[in-house]
Amino acid sequence: MLNDSILTLITLVPMAGAIIVALLPRKGRVIPAFTLLVTLLTFVLSLHLPAHFDYSQHGFQFEENRSWITSPMIFYHLGIDGLSLWLVLLTTFLGPIGVLVSWRAIEQRTKEFYFLFLLQQTAMIGVFVSLDLFLYYGFWELSLVPMAILIAMFGRERGRQAALKFFLYTFIPSALFLVAILWLYAKTGTFDFVTLQTKLAAGGLAPQALWWVSLAFLFAFAVKVPVFPLHGWLGSVIEEAPTAMAMVVAGKLGLYSIFRFNLGLFPAQSRAIAPLMIVLAVIGILYGALVALVQSDMRRLVAYAILSNLSFCILGIFSFALTGLNGAVFQTINEGISGGALLVLIAFLYERYGSFDMSEYGGLAARLPMLATLWVLTTLALIGLPLFNGFVGEFLVLSGSFPVHPKWVAAATVGVILSASYMLRMAQRIFYGQPSSLVSGRPHLDLGAREQLTLWPMVVLMLVMGVASTYWINGIERGVLKLSDAPAQQFHQLQSYNVWSTPVSSGGAR
Amino acid sequence: MTVPIAYYLVLAAILFSIGVAAFLIKRNIITIFMSIELMLNAVNLTFVAFAHQWHQVSGQIFVFFVMVVAAAEAAVGLAIIIAVFRARNTLNVDQIDLMKL
Amino acid sequence: MHLALFLFFGAMCVAGALNLLLQRHPINSALSLIVVMSSLAVLYLLLGAEFLAAAQVIVYSGAIMVLFTFVIMLLNAGREVRTHGSKLAYAAGFPGAAILLGLLAFIFLSHRGEFAQAKLGEYLVTTGDLSQVLFTKLLLPFEVTSVLILIAILGAVALARKEH
Amino acid sequence: MNPDLHLWLIPLIPLAGFLVNGLLGRKFPKPVVTAVALMGSLLPLLWVSNVVLKFGSLTLPHVETLCTWIRAGAFHADFTLQLDQLTLVMLCVITGVGFLIHVYSVGYMAEEEGYWRFFAYLNLFLFFMLTLVLAENFLLMFVGWEGVGLASYLLIGFYYTKDSAANAGKKAFIVNRIGDFGFLLAMFLLIAHFGTLSFSEVFGRIGADPAMQGGVLTAVALFLVLGAAGKSAQIPLYVWLPDAMEGPTPVSALIHAATMVTAGVYMIARTHVIFDRSPYALAVVAIIGTATAFFAATIGMAQTDIKRVLAYSTVSQLGYMFLGCGVAAYAAGIFHLVTHAFFKALLFLAAGSVIHAVGGEQDMRRMGGLRKKIPVTFWTMTAAVFAISGFPPLSGFVSKDEILYQAFISPNSAGKVLWAVGLLTAGLTSFYMFRLWYMTFFGERRGGAADATAFLDDRGAAVHARRDTKLTAVAEEPSAHAHLVHESPWVMLGPLIILAILSVIGGFMAWPEALGGSNWFGHWLSPVFAGSANGAGAGSVQLQLELAGVSTLVALAGWFAAYLMYFANPALPGRITARMHALYSLVANKYWVDEIYGVLIVTPVLFIARYILGALIDRGVIDGGTLAAGYSAQGLGALVARIQSGNIRSYAGWLALFAALLLAASYFGWTAHFWMR
Amino acid sequence: MSDALRILPEIVLTVGGIVVMLADAMPAKASSRKPLGWLAALFAIGALAASLWQYQLPAGTAYYGVVQVDAFSVFFHVVIAGIVLAALLITLDAVTDATEGLGELFALILFGAVGMMLMTSAVELLLVFVALEISSISTYIMAGFRRRSAKSTESALKYFLLGSFATSFFLYGIALVFGATGTTRIGEIAGAIAKAVGGGHVSPLLYIGVAMIVIGLSFKVSAAPFHVWTPDVYEGAPSPVVALMSTAPKVAAFAVLLRIAFGAFPLLEAHWVPVLWWLAVASMTIGNLGALRQRSVKRMLAYSSIAHAGYLLVAFTALSAEGVAAASFYAVSYAAMNVGIFAIVSHAGGYDDRLTLIDDFRGLAWRSPLLGGAMGFFLISLIGIPFTGGFFGKFYVFTAAVHSGLIWLAIIGLVNSGIAAFYYLRVATAVFSRPAEASPVMAVPRATLPLLLALFLTVAATLILGIAPGGVLAGARAAAATYPSVSAPAPAAQSASR
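Residue numbers (our numbering), protein chains in the order written: chain P, 1 to 510; chain L, 1001 to 1101; chain X, 2001 to 2164; chain B, 3001 to 3677; chain D, 4001 to 4498.
Hint data in this document are derived by calculation from the structure and do not stem from the laboratory. One or more of the hints may lead you astray.
Covered by chain P, according to a simulated footprint, are these stretches of chain D (three or more residues, beta-carbon under 8 Å) [as the list claims (entries may be wrong)]:
hint, region
1, 4085-4093
2, 4358-4371
3, 4398-4408
4, 4415-4428
5, 4463-4477
Every residue gets a Cβ at the ideal spot worked out from N, C-alpha and C, and that includes glycine.
Bound conformation, chain P alone:
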C-alpha cells in the first residue's frame, strides 16, 4: 500500500535525483531537464497526500515509524497532519518552478547547482514530515547547507558574505536549540514528538527549565522566520541568493516549527510569551511595510515586504484563536506562492534589463503586456485584494486575533494601507510613465513559453485559493484545532472584551 511509504518516497526522491544528477554528463540541458523531471515526479507523488488524506481525523497520517539508532533512542518517524499537509505540497509545488526559474539564470556548474537544489528539496520536505525531534533537527540543519553553499557559489557580488550571514544567523540559535532538545531527551528519554507531547502534557518537569527550553526553541525558529528584530539576514540573502533559493529561504520552515513545537509542546509557555510576540509581529508588519515604502532596489523591497507579510502569520499564531491559526497557516502558503511569484517576476525583469533598481525602469506596460498583467495580479494578491489568496489569509488572521488584542490588531491593520502603497509604487515605477532610457535601449520581448509556464500556475493558484479557500482550510483546521484555545474560552473572551470600555448594552457613547 502506497500510504505506508509515500512520505519516504516524497522525501527521498529528490535525494536520489541528486545522486543521479551527480553522475549525469555535463552537456546541453540534460541536467536541468532531468531535475525538472525529478521535481515534477515529487510533486505528482505529493498529490497523493491530499487525495488520500482523511479530513475527518486529527492525528498524524501516512505514518512511518522504524527504529534508526538504538541509543540514544532515535526513530525514523514520519507523518503529517493537516498542518504539514499543505506545506509539503507547497514545497513540492515550488520545486519545478525553482528549476524553471534557474533554467537560463544558471549557466555554469549546473550539475553542482541542481545537485544542491535537490538536496535542499529533500531537507525542506524532511523538516515537514519528520516527527522524531532528532530527525527533525537533522533535516532542519541540513536545510541550511545547500542554501548557504548555493548563495556562496551562485550569489552575486556579495554572495559570500550573504551566505556567511545567513548561516551564522540560523546556526548559532539552533545550537541553543540543540541543548534544549538534549535536555528534553535527558529528562523524558524520548525524541518522539507524540510521546514527548504526552509526557510534557503530563507535567512533572521543572517549569523554570521548561520555560528556557521553550525560549530556545522559539528563538531558533524566530530567526528563521524571521521575526522583527532578527531579520538582519533576510535583506542580504534575498538580494544575493539565486531566485530559486530566495523563493524558499524565508517563512514556512520557521513558522511551521513554531506551530508544531512551540504550540504543540509548550502551550503554556507559548501563551506566556504571546504578548511579546504579538507586539513584535505588529511592529514587524508596520516596520517592514514602511521600510519597503522607501526602497528603490526591488529585491530589498521584496525582502521587507516578506518581513511584513510573515509578521501577519506570527500575529495569527500567537492569537491562539482558531481563526487566527487557520489564517496564519493559510498566509504562510500564500507567502510562499505570491512572494515567490514576485521574485520570479523580478528575476525575469533582470534577465531582460539587467537592473534591480526600479527607478531605472518605466513605461514597460506597453512593451511587456503579459509580464505587466501577471505582475499586477501578483501585486493584487500581495496587497490582499478580496478574491485573492492574500485577502483570505490576512482577514482570518486579523479578524481572529482582533478579539484578543483589539488595539494591536487595529494598528496591524494599517499595514493593509501601507502594503498597497509600496506595491503600487513599485508597479507604477516599472510599468507606468514614459519608457526610461534603460528600457527603450533594449529590445522588448514579452514572456516566453517557459516563463509563462513558470508563472501561470502560481497566479492561477492565487485566485483559486482566494475563491475556494475552504478546500485548504478543511485540512489546516484539523491540524490547528488542538493548538487553539478552547472554543468556550474564545466565547468567554468575546463576552468579557469591549472596545470603549463601556458595557455593550449601555446608553451609548454620547
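Based on these hints, arrange chains L, X, B and D on the given structure of chain P.
Just chains L, X, B and D now, with coordinates in the frame of chain P:
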C-alpha cells in the same frame, strides 16, 4: 644517622625548578636542551628516592629507562638543532619565531 | 656522615645547576651540567642505587654530555647574546617556577613525617636484582625501547644527513 | 417560496465580458470587442428588468446562497446574494446608467489605443459594483467595495504613460484603502461581537435586543463611516476624487459620479440598523455630509476646468446624500442618489461631448458660444444644470428638497443649522452650475483653433497615449477637430437625451405629498428602513411648501448672480476676485488641503521610514549589531592570538605558569564543583 | 605465544617498519621510493586487520601484565591503524619522487604507530612513558622532515623542546604517584588509592601527581592552556605529517588519559574533574576564538583541533560510561574528518605548501568539484551539521554532558560550535565562490589514486558515522564498559535530576 627522604625530594624539586628557570632564561638552543636534561635528572632523583622509600626496584628501573630515552632524545634533538642551524644559521631561540599569531 | 655527604653533593648539584643557568657560554653550561650529573651519581649511591650511579656516570656524563659538547663544537656556538625576545618568559615563567618550587617544597616538608628516613646501606640494589625485574616483569618495555632507539637513529640520519 | 431568480447571473455576465475582452481582446477586431462589452452591460440590464417584472410577487428580502467562501472555526462567510427594494434600486441605476455609458463610450473612445482594455475594465467594474449591492454579508460587500476601487484605479490610470494619471490612480486606491481600513475594523468588531457578518443575522441580533445602544455599535458605525467617507469622497478623504478626473470622461461619469462613489451612501443605508442605534454616529454622518457639501461647493465656484467643477459638485452632492442619511431620511438620501446618478452622469457625458467637440479643451475660459454649434449637447446639458440647481419640477429639486426638509424637521438638535447650510450650498450649487453653463455655451468663443492645438498638451492624456504608441494618424485627429467645432455622433448623443429625459421627469417618482404627489418612492422603499425611529420628524404640508419655496428662491438667486457675473457683465468676476484676493486664492487653491496632507502626513511618514527606520534602525542597530558582534568576537580572537608570540621561551613561560597554577589548584582543591552544573 | 598475539598489530607494524627501512637501504634501481609507501600501506592494512582480529580475543593482559588487550585498547588500535593507513596514502599523494628521505618517512610513520598503539594498551606507566616517547619523538622528526625549509625545522624544534619540557612534567607526575603508592601499575595504583581512601588518609603527592600527569597529557592533546605549540607546529610541518600528528598521537594520548583517569584515579575524581572542566572550557573558547582571525588554513585547523580537544574533554567531565563512550566516538569522528580535510589541504598545497592562505583556496570547487565538494563536506562535518560524523560526535558528547547535568558546559560548548561555524564557513564560502582569474587554485593538480583512496576512506567513515553510527557506538560503549568504576552513574547524574 639518617637523612629524611623529604630532603632528597626537595633537592630534586629545586633542581627541577632551576631546570625550568634555565629553560626560560637561556637563549642558546643547546643550553635550553641541557636544562631539559637537568629537569629529567631531577625527576630521576625523585624516582631513586622513592625507590629507596618503598624498597621498590621498579623505581630504579624507571630511571634506567629515562636515561635510555634521554639518550635517544639527545640524538634526535641535537639532529634537529643541527637542521635548524643549517636552515637559519643561528642558535638563538629568540630569533627562531618565524611562525606566530 | 650521611647528612654531610648529602648536603655537600646536594650543594654541588644546586651550584652546578645555577652555574649552568648563569654561564653565558654553552660549553661552560655543559661542563656545569656534568658536575650536576656526577654529584647526582653520588647521591644515587647514597640511596643504594649502585648500578644507576654507574649508568649515570657512563650514559649521562659520558655519552650524552659528550654528544652535547660535540655538537657545540660542531656548530661552534659562541657566547649567547641576551636578546629580549620574550617578556612573558620572565613575567609568567618565573612566578610559575617559583610557585612550583614553593608548592613542592611545602608539600614535601609539611608531610615530612610520611616519608621514610634514608639510611646509608640500609637498602642496596645490586645489578642482579635489577635485571631480575628488568627481564621478567618489564621485558616488553625493554624490548620496545629498541624501537625507540631505531627511530632515534633514523631521525638523526634523516635530519642531520649531509647536504647534497 | 420565491422562484429561483439566478441573481448570480447579474454580476457574472459582466465578469465574463471582462474575461473575454481581457484575455483575447487584444486580438479581436474592434466590433467584436464592442459587441462583447455591450452584451456585458446590456444582458445584466435585461436580467434586472426581468427581476423587476417578477418583483411584485416576491417575499422580501430574497436570498440566494451559492456556496461557502471562507470558513474557519465558528466563523464562515458565504457567497450569498440578497434582493430587496434597496438592492433593486441600485441594480437599476447601475445597469441602466452603466449601459448608457457603455454605449456612449463606444463613440467617445472610438479612436483610443487600448479600446479593448477600456471596455474590459468597464465590465470588470460592473461586476464588482453589482456584487457590492447584491451582497448579503459584509465580507462579500467588501469584495465589491475593494473591487470597484481596483476598477477605478485601473481606469483612472488608463492613460498609463501619463504620470499625472498614474499618480491619480494610485492616490485614489490608497485613499480608498484608508477607508477600507475602517470597513475592516468594523467587520472585526462585528465578528468579535456577533460571530458573523451576515446582514440578516447581525441586524436580526441587534433588532432582537432593543437594549443594545451605542457602545460598540457606535464604534462599528463610526468605522463604517470612515469607509463610506473614503469611497464617497467625503471630508477628510475626498481628495482623490478631483484628481480622478484624469481618467477618460465616461469613467468619470459612470464611476466617479453615478455609481461607485455612491457606494458609501448605499452602505450606510444598508446598515441603517446599526446607525439607528447610534444617534452619535448619525450626527457625525450628517455633519460630515453638510460640511462636505458646502466646502466642495465653495471650491467648485472657483474651478475653471470643466470636469473639475463637476467633480467638486459631485463631492458636494454626495454630501447631501450623507446629510439625508445622517438625519435618518435614508429614502431621501437614496432618492437623491438616483436622481444625482441621472443628472450628474448627464453632466459628465455632456461635458465629455463638449470636450470632444472642442478638441480636448477642458478649460472653460477657452470655451464659450458653443450654444449654436452643438445644440443637442447644449439642451441636454441645460436640462441637467436646471435639475442639479434644484428648479421645480426637475428631479434634483424633488430629491434635494426632501433631504433639506427632513433635516429641518429632524429631532437632531443641529437640524436647523444643517438645513441652513444645506440651503446656502444649494445657492452656491446653482451659482457654479450656471457659471459653467454661461462660460461654456454663451458669449464669444474665447479659445481659437490656434491655441486649441497649443492646449493639446494640457489635455495631454489621450494625446500622450497616442504619441508614444505611435498612432500619429490619431494624434492629428483632435487638432483636426479644433478648428471645426462639431456635434458629437449620435451614439454619444443618444445616451445624453435619455438621461436628460430621466433628469427632467425622474422627480415624479417621489413627488412629495405637499405638492399633491404621493412620494411613491419613499413608501416603496420604506420596508427596508422600517423601524428607523429617528426618521419620523414632526413636519407638515405647510412647512414643506414654505421650505420648497425658499430653496427655489435661493436657486434663482444663484442663477441671477451667475447671470450677472458671467453673462451681463463679464468683467465683474475679475474685480471681485481682485477685491478679496486672499479669499479667492484660498478657494481657488482648494484650501491647500492636498498640500497640508502632504506636509502633515506623507512627508513625515516617508522621512521616518527612510531615515529613522531604514537608516537608523535597520542599517544602524540591526546590521550594526551583527557587525559589532562579529568584530568583538574577532577582537577576542586577536587577544587569544597574542599568546602566540612565536617565541619558544614565552611558550615555556606560559606552560610553567599554568602548570604551577593547575598544581596549586588541584592541591588546594580551588576549583569547586557545585556551580559547574 | 598468546602474549605475542596480544601485541600482534604492534609486531606487524614493527616488522613493516624494519622491512621498509631495509628496502630503503637497498641501493640502485631506487629511482622512485614511492613503492615503499605502498608497501608500508600494506603493513598498515595488516595492522588494521590484526587489530580487528583482536576483537575476538578474550580481554586479558600479557607480558606480566604490562599490556592489557580489551575492548578499549582494540577500539583505539583500529582507529590508529586506520589513521596511519590514510596518512600513508596522503603522504604518497603529496610527495614526489624527488622528495628526500621518503623511505625513512614511511618507516617512521610505521614505528610511530607502534608507540601510539602501545599507549592505548599499556597498563604499566613505564610502558606508557616509553610508548609516549616513541610516538612523540617520531612526530618531532617528521615535523622537521622538510629540513631545508626554515618553517619546518622551526616547528620541529618548537615541538621537540616544548614536548620534552612537558614530558618531564608527565614524568615527574609518574614519579610522585609512584612515591605515593609504591607502584607504577595502573591497577595496583587504583588498589592502593582505594586502600588509602579507605584508611582515610590520601597522600597529597597523589593530587599533584595526577595534576602533573594531566598537564603532560593535555600538552600532547593540545588542550588549552597547554596548546601554545600547536598552531606553529602545524603550520610548519608538512601537511601529510600534520594529517597524522593532528590525529593519531592525540587519539592515543586521549586513550592514555582515559585509561589513567578511569583506571587508576577514579576515586580522586573530585580533584581532577574540575581541572578537566576548566581545561575543556578554555580549550573550546581559546581554540575557536583563536581560529577566527587566522588567514592560513593550516593554522586555522590547528586552532580548531584545540577546540575539538576541548569538546572531547567535555565528554570526560561527564564522568560516566556514556561520557567515555562519547569521547571514544568523538575521537573517531574527529580523526576521520580531520585526516580527510588535511588530505585535501596537502593535495592542494602539496608537500611544500604552495597554498596556505584561506583566500588561496578560493574557487576550489569551481576548479575541481570533487575536491571542493569533499572539502565542503568535511567542513560541514567539522561544524557539526547532521548526517555527518562531526554532528554525532558533538551530539553524543553533549548528550553525555547534559545527562550528567553539566548544562552550562553544554551551552558553552554549543555556543562555541556556533562561533566555530564562522571560520569554517569562511573557508567553505571561499572554496565555493568563483575563483579570481589566474588564482593559485587553478594550478591544483588532478586527484591521484592514493588521494582518491584516502578520500574514500575518510568520506565513507564520516558519512557512516553520520548516518549509521550504531556500529562504532557499540564499540565505544564496549570500550567504556572496561571501566566498571564509571559504569555506575556518576554523582553528577543525581544532581542533574534536580
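Which of the numbered hints are not met once you compare them with the structure shown?
Hint 1 alone not satisfied by this model.
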